[in-house]
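2 protein chains.
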Amino acid sequence: MENALLIRPVAHIRTDFSDKFGIPRQSGRVPALMGKIVFEPEFRDPDALRGIEEFSHLWLLFDFSQSHRDSWSPTVRPPRLGGNKRIGVFATRSPFRPNPIGLSCVKLEKIEHSAKEGTVLIVSGVDLLDNTPILDIKPYIPYADCRPEATGSFAEEQKDYRLEVKFPSPLLELVPEDKREAAMACLADDPRPSYQQDEERVYSMRFAECDIHFTVSGNTLTVTGVDV
Amino acid sequence: MENALLIRPVAHIRTDFSDKFGIPRQSGRVPALMGKIVFEPEFRDPDALRGIEEFSHLWLLFDFSQSHRDSWSPTVRPPRLGGNKRIGVFATRSPFRPNPIGLSCVKLEKIEHSAKEGTVLIVSGVDLLDNTPILDIKPYIPYADCRPEATGSFAEEQKDYRLEVKFPSPLLELVPEDKREAAMACLADDPRPSYQQDEERVYSMRFAECDIHFTVSGNTLTVTGVDV
Numbered sequence: 001m002e003n004a005l006l007i008r009p010v011a012h013i014r015t016d017f018s019d020k021f022g023i024p025r026q027s028g029r030v031p032a033l034m035g036k037i038v039f040e041p042e043f044r045d046p047d048a049l050r051g052i053e054e055f056s057h058l059w060l061l062f063d064f065s066q067s068h069r070d071s072w073s074p075t076v077r078p079p080r081l082g083g084n085k086r087i088g089v090f091a092t093r094s095p096f097r098p099n100p101i102g103l104s105c106v107k108l109e110k111i112e113h114s115a116k117e118g119t120v121l122i123v124s125g126v127d128l129l130d131n132t133p134i135l136d137i138k139p140y141i142p143y144a145d146c147r148p149e150a151t152g153s154f155a156e157e158q159k160d161y162r163l164e165v166k167f168p169s170p171l172l173e174l175v176p177e178d179k180r181e182a183a184m185a186c187l188a189d190d191p192r193p194s195y196q197q198d199e200e201r202v203y204s205m206r207f208a209e210c211d212i213h214f215t216v217s218g219n220t221l222t223v224t225g226v227d228v
Numbered sequence: 001m002e003n004a005l006l007i008r009p010v011a012h013i014r015t016d017f018s019d020k021f022g023i024p025r026q027s028g029r030v031p032a033l034m035g036k037i038v039f040e041p042e043f044r045d046p047d048a049l050r051g052i053e054e055f056s057h058l059w060l061l062f063d064f065s066q067s068h069r070d071s072w073s074p075t076v077r078p079p080r081l082g083g084n085k086r087i088g089v090f091a092t093r094s095p096f097r098p099n100p101i102g103l104s105c106v107k108l109e110k111i112e113h114s115a116k117e118g119t120v121l122i123v124s125g126v127d128l129l130d131n132t133p134i135l136d137i138k139p140y141i142p143y144a145d146c147r148p149e150a151t152g153s154f155a156e157e158q159k160d161y162r163l164e165v166k167f168p169s170p171l172l173e174l175v176p177e178d179k180r181e182a183a184m185a186c187l188a189d190d191p192r193p194s195y196q197q198d199e200e201r202v203y204s205m206r207f208a209e210c211d212i213h214f215t216v217s218g219n220t221l222t223v224t225g226v227d228v
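If you read the sequences in order, they're chains V and D. Position one of the first sequence corresponds to residue 1 (our numbering), numbered consecutively onward. Position one of the second sequence corresponds to residue 1 (our numbering), numbered consecutively onward.
Isolated chain V, as found in the complex (with noise of 0.2 Å):
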């Protein structure tokens, strides 16, 4: 294809999402999310990584892998309207464009080394789905990136809305004691799809190796069960 773009992975993400359901919208919105960044053993060299301590947040630019179309559609349905109002893809941040691209802005924790990985980025506030295959990583530069005189649409409606969780501790036990708050911030954060209002059924979320059931009523999310 006429310039085309032949792009690889450089890392792999891990995180505790194996499935799509519960991910934040955006990165940042849930800060307790970690994130492992593992590079490809092509791409496994610390000097690669020289200075990047002395940035507080990186740009992950990764691969929408659950999401490859084989062909594009102009518009699609955020989730957060309703899904049944059409946007302009170029006008959101979906996962079904063009090129597949995402783009997250993470906070970076720690850089640690292991024989096994190699030197790996711990991050928080990620939005990605584990084993996501990241192509980039750049620093976030305040002065270029920071904008603070942007305004934004309907997605920025969507800034301080947030569910009250009731999460019984019997239940909240069950869940690693170290994934327990990131787990309280995504359900706050409202998994459900569309808005959907039907208070009796019931959703699981997939996260940290549990299966975490729960039923939404008006502002409030009870968790009624934990599978570990």
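One should not assume that every hint holds.
[To be verified] Keeping only pairs whose Cα atoms sit at most 27 Å apart, straight-line, the calculated DSS-like set for lysine-lysine is:
(1) Lys85(V) <-> Lys179(V)
(2) Lys166(V) <-> Lys179(V)
(3) Lys85(V) <-> Lys110(D)
(4) Lys85(D) <-> Lys110(V)
(5) Lys20(D) <-> Lys110(D)
(6) Lys20(D) <-> Lys85(D)
Simulated from the structure, these hints should not be mistaken for laboratory data. No experiment lies behind these values; they were computed from the predicted model shown.
Assemble the complex: chain V is given as a structure, and chain D must be docked to it using the hints.
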């Protein structure tokens, strides 16, 4: 190649830089610098832009098409660090990356329609070479993308650095009137590579079909000639 992704341009951007020399180091540094995004025939569908006018800023993912290499280097020498300090490629925004994809934030100024080019986007604050292939356009979502708490290493120290520009009126009048402000601002941004300090040297910046010649002494840049 396993897991490789084939990416093709959805558009090209037209700017006043036919040459790399003088392009601002980051998007947004020169707000007066305009660009016109013209879609490829396959993607020239106004529906794909539906709702984009509600966003003030956009992300452009683009192909660093002048910086393709057959192999990658783990470190680069950022020109702003004098060109002799090596930094890990993932700690920089250098064009010489394993996957040569760039990221710029631009302001959406206007949406125009023409029989010849279809629907085009007029954007400002660009830092791109004329005809750069655009791979994706995403809305800038302030609550996810603007991180006022982020800190940014050496790149941040350049934030307020500007040269004083002396551009004699008879010479300035040779530059098209609507391009003068941008030309002045690009010169103030110091186009010299690697902090070169040779006061005798005459540099030339090609901008808006003019060759602008200048010297720099201390913190002052003086335009010595303009060829049109």
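Structure-based check of all given hints:
Restraint check for Lys85(V) and Lys179(V): the C-alpha separation of about 35 Å exceeds 27 Å, so the hint is violated. Between Lys166(V) and Lys179(V), the direct Cα distance comes to roughly 16 Å. Compliance with the 27 Å bound is thereby established for this hinted pair. Only pairs whose Cα atoms come within 27 Å are accepted, and Lys85(V) paired with Lys110(D) is accepted, the gap being roughly 24 Å. Only pairs whose Cα atoms come within 27 Å are accepted, and Lys85(D) paired with Lys110(V) is accepted, the gap being roughly 24 Å.
Proximity of Lys20(D) to Lys110(D) is assessed by CA-CA distance (about 26 Å); at most 27 Å being required, the pair is judged to hold. At roughly 22 Å between alpha-carbon atoms, Lys20(D) and Lys85(D) fall within 27 Å of each other, so this suggested pair holds.
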